[in-house]
Amino acid sequence: MKKETRIQLESELESVNSDISNMQLHLSMLRLEKKKTEGNLEDLLTRKGQIESSLKGA
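Per numbering that gives the first Met the number 0, residue 0 is the first one in the sequence shown, and the count goes up by one each step.
Simulated from the structure, these hints should not be mistaken for laboratory data.
Warning: the hint list may mix true and false statements.
[Stated by the list, open to error] Simulated crosslink set (EDC-like; lysine to aspartate or glutamate; CA at most 20 Å straight-line):
#1 K2 with E13
#2 K1 with E13
#3 K35 with E51
#4 K47 with E37
This structure is a prediction, so every number in the text was calculated from the model and none was measured.
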């Protein structure tokens, strides 16, 4: 393999590895955001139930 070709491939490999790491980090952040959103939704559903119960009792 030519030295230039090897250097080019190694550079491309570094770039691909960096892209993979960035995407993995992005997915991890999305999972955290999803958990947070699900928690907020659960809180709202609980509050909705409390309000509806209060309205029925009034």
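Given pair status - E13, K2, alpha carbons within 20 Å: 17 Å, holds
Pairwise hint evaluation, E37 against K47, where the allowed Cα distance is 20 Å at most: 15 Å, holds
K1 paired with E13 [C-alpha distance capped at 20 Å]: At roughly 18 Å apart (the allowed maximum being 20 Å), E13 and K1 satisfy the hint.
Hinted pair K35 and E51, Cα distance within 20 Å: With Cα atoms ~24 Å apart, K35 and E51 exceed 20 Å; violated.
Checked against the numbered hints given earlier, the structure breaks only hint 3 and satisfies all the rest.
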